[in-house]
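Engineer: Here are the chains, one letter per residue:
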Amino acid sequence: MTGGTATPAGLLFGPNHSGKKYLSSYAHRRNNPRDRHKSHWLPSVTPLMEFGIFCSADRASWRDGSGNYWGLHSGTRTILGVRGERLCKFPYTSNATDPWHGFPVSPLERGDNDAPPDTLVDDWVSAGVISRVAGRKIQRRKL
Amino acid sequence: MNFVKLFIPGNFEDAYLYKGQLLMLTEDRTIHVYELERVVELLNAQYPDLRPVPELMFLRNDWLVSSQFGSLMQNQDVARAVLGAFRRCDKRLLELNNGMFEPRVQNLEVPARVLLDVMLYNDRMYVGADTGLYDFDVDFRVYAAEALSRPTKRSDARCLQTAARFGAVSASCGDDGLFTAVDDFGVLSYEGRSEMRKVADVSLKSAWMRHDLVNYSTFTTPLLLQSTYERDYGGRLAPDRTVITHIGSYGIDLSYLLQTLRDARGVTLEDIQYVYNSDTMMFVHTWSEDFYSLGIRNPERGEPSVHSAKTYKGTGTRILSAAQSKVGVVVETDNRVLLLADDEWLPVEESEVISVRTFPRSRRFQNVVALTKEDGLLLVALFDEAPFTQLEKK
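From first to last, the protein sequence lines are chains A and B.
Here the first sequence is numbered in numbering that gives the first Met the number 0, starting from 0 and rising by one per residue.
Here the second sequence is numbered in numbering that gives the first Met the number 0, starting from 0 and rising by one per residue.
Only chain A is shown next, with the shape it has when bound in the complex (with noise of 0.2 Å):
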């Protein structure tokens, strides 16, 4: 993988091996106050490990019943967003040939919407991504 590629609305990379382009977008980065709502990264979660946890989340097809990934890092004991996120979600792109993005998310700070399904974070627990602890956490929206 590469630093990506510079484009007006972040850096793009890919095609990974599924053939999906990924941008890490500046919108989800840089302080703006237009952007005040959206989530940010933490500058130690670079773009292209942000591109690192998009593949892997495609890899393993953690997917939810529309279409979006949702991923973390080391069993969400990394901290990726600047409220202490430790999930991310990447919305479903629904043209092909768009680039994905995607977030940071917090259950306990924005509930549902940033939870992942039950049947995705118990698949998560069976597989050893995640302790039963941090699932049962996501599932009461306490990560």
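Calculated directly from the structure, the hints in this document are not laboratory data.
Bear in mind that the values here come from a model prediction, so they are computed numbers and not experimental data.
Glycine included, C-beta positions come from ideal geometry on N, C-alpha and C.
Among these hints, one or two may not hold up.
Unchecked claim - To be clear about the criterion: a stretch of chain B counts as covered by chain A if any three or more of its residues have a C-beta under 8 Å from a C-beta of chain A, and this derived list gives those stretches:
hint, stretch
1, 44–52
2, 107–116
3, 341–354
Model the placement of chain B on the given structure of chain A, informed by the hints.
Structural biologist: Just chain B, lined up with the frame of chain A:
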């Protein structure tokens, strides 16, 4: 502050102390019930040098604040012996020998993939699950309580949290909303369970503020739902003496209470990370790592107001949940559980947990915290020895 810890290994989802019994929900959808009197007998046999601490801490917290206990502790020899036993226990992890400990095991017949919350009120167990809210009555008159009926489904929506008091029950169901039922025990109507009614569009949790219910559509946006109530002359809901007849007749956005922090301390609403309320207090944690306790006056008529405010240093990390105990506020953070007592944060447990429960309205377990962990249940009993240390030295 003394911490006495009892660990019970197992794959538990949650636990509750009620009427002298410990009820634990397991991963395989069973309820394990232990008589705490039996647990204390076993602890006394296993740790004879720690008597009477297990009994005072895990069975009869009410004795610690009784006039009889205070009177006995006036005797210097008694004070030294009792405080000595507490210090021998402090921060020690008590465990019951395997094989000594046989719970009553019952199936939890709740058809759910995920158990999200549990609570006991007026001998009825409420279980929040991904498939809805369920309840069933439990017989606590027998040795090791047993369910009296199969669960009744009360709502279809995924129930994150439930709260019950004054004969009413609430179910916080995330984006599906907040549902409530009043007179759930037929005190006024002499009918059975009443239908649940939606009173708010979004709810992550709710908490009582005296007779009113505070709904949190996010963990930082409290909305007070005012209630009406009548006196319960029959005493069927003891210790509650009133029955709520309607919830949500009027809603008040309590953000204005938080604005007092902006006016007095420059705290913006965006800076607030977590809010929690009890009957008379509101606790606010900020991203700037301050923790505020606001004394709240909630009159019968009119709007609540702040009558006092106190600032503490924050926890240094996010607060995920908070619960009141007799000796202070217990907060769950990302990686540990802390107690705010005597103006300082004391570590209760140095690991992440599945759930934190306290029992401030119980008679016998006001000082106990039940922590469900990855590998078992940790009961932590808290004892503030400060009022007695002078008696020991006099």
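Engineer: Each hint: holds or not?
Structural biologist: Hint by hint, here is what the structure shows:
1. 44–52: violated (count 0)
2. 107–116: With 4 residues in contact (Cβ-Cβ under 8 Å with chain A), the coverage given for the stretch 107–116 of chain B holds.
3. 341–354: Check passed, 4 qualifying residues.
In this structure, only the earlier hint numbered 1 is contradicted, and the remaining ones agree with it.
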